[in-house]
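Undergrad: Going by this note's numbering, the first residue of the sequence shown is number -13, and it counts up by one from there.
Simulated from the structure, these hints should not be mistaken for laboratory data.
Among these hints, one or two may not hold up.
Ranges of calculated distance between the beta carbons of each label pair, as one might list FRET restraints [unchecked claim]: (1) 151 - 391: 20 to 28 angstroms; (2) 216 - 240: 47 to 55 angstroms; (3) 240 - 182: 52 to 60 angstroms; (4) 394 - 282: 41 to 49 angstroms; (5) 176 - 394: 34 to 42 angstroms.
Distance condition first, Cα-Cα at most 27 angstroms in a straight line; then the derived DSS-like pairs of lysine-lysine [claimed, not checked]: (6) 281 - 71; (7) 109 - 71; (8) 228 - 71.
Even glycine gets a Cβ: it sits at the ideal position worked out from N, Cα and C.
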Amino acid sequence: MKKRLMPLVVALGISTTLLPYAVANGASNSAKIDQEISNMKKMKSAAEQKAKDVQNQLTQVQQEKQETAKDIETLMNQVDSATAKLSGLNVQIENTTEDLEDNAKQLDEAEKRVETRDELLKKRMRIMYENGSVSYLEVVLNSTSFSDFIDRMSALKSIVGQDKEILEANKKDRALVAEKKQQIEKQLAYVKNLYAQTETLKQDLLVKEKAKEVKIASLSAEQQHLEEISSDQEQAIMEYAKKESQLQAKKAADAKAAAAAAAAAASKNSSSIGGSSGGGPATGSGGSMGYPLPKRVSLSSGYGGRVDPINGSFAGHTGIDMPSPQGTDIYAAESGTVLVASEWSGYGNCVIIDHGGGVWTLYGHIRNGGIKVSKGQSVSRGEKIAEVGSTGRSTGNHLHFEVRINSKPVNPSSYIGY
């Protein structure tokens, strides 16, 4: 019996000895696991918080970009408004200047007529003085016959009538001279005021353009593009260009008629347009027109419809955008006559050239001070006409280039070999 109990006692002793160790060991592993689970929960919570923080930052950045886009849009509208006012003032200056030139011409002609008549009257006075004073009665009484009497009376009536006409015409012309001088003084004062308004607007426009540049600098590169020239702005400049084209055509017709008359008298040939300036445009484009920049560039925006990268709206694009550093030379794509060379709404500083046959080219967003031609000037293909900028509705330096047929836009790419 004792022999049988001994193994049991030994077994119970071993079990009693190992039990606290096993319990302690089990508790230790459980605590470790709990600790690890707790750590993992903390890590998960921290990761979730970090993700939330990142999301909040992304949302904030997106909101800031949206606010910046709104600010840029507001600035664009302010630039549009200032440029439109500037364009209106320029048109008023042109119209007033034309009236001023017309009044000055009429003044010169009236003064010349008065001077001619005065000279005629002076000659008569000299003749009368040299020949002695002869009365009309004496001239009539010295007639030798009735027929001679009638002739003398007719002659006297003619002289007296002519003198009256001269004096009356001089009176009218002197009144006209006084009137034209008064008109010219008023118009000069008006033009001076218009130029002062223009200068103030230009300074305001420069401030707004600078503010626009600062806002644009905060946008990412792929967002730095916004050009939505409204249909009203486009129509306004096209109407203006049409009128100017018609005026230029009339001037050209008048000049041709005058040249033909001169040729009939002296057989004189008209001279051709001068050569180009600057480094010269890129060549080998394969199109019918010359390339308007010194070297070929990849387009940042093509012709036709597109989605605006800032506000996501869909809009038509009447030209192609050719990114280049500010100040890059712009060349005339073809020979022609300048129709527009001034600020104009969404286009900013703009040049339009009439190449004849209803074909125009347009160059937009020229830098301030970058227009190198004037309205009515003849230019040659490849001649420098402007410099690249980002004025108007633009968020980056580039040339907005258009080709128009009868004032309607067509894809310019085929004309310059894209």
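Undergrad: Now tell me, hint by hint, if it's right for this structure.
TA: Verification of the supplied hints:
no., hint, result
1, 151 - 391: 20 to 28 angstroms, "56 angstroms, violated"
2, 216 - 240: 47 to 55 angstroms, "36 angstroms, violated"
3, 240 - 182: 52 to 60 angstroms, "34 angstroms, violated"
4, 394 - 282: 41 to 49 angstroms, "26 angstroms, violated"
5, 176 - 394: 34 to 42 angstroms, "36 angstroms, holds"
6, 281 - 71, "35 angstroms, violated"
7, 109 - 71, "56 angstroms, violated"
8, 228 - 71, "20 angstroms, holds"
Checked against the numbered hints above, the structure breaks hints 1, 2, 3, 4, 6, 7 and satisfies the rest.
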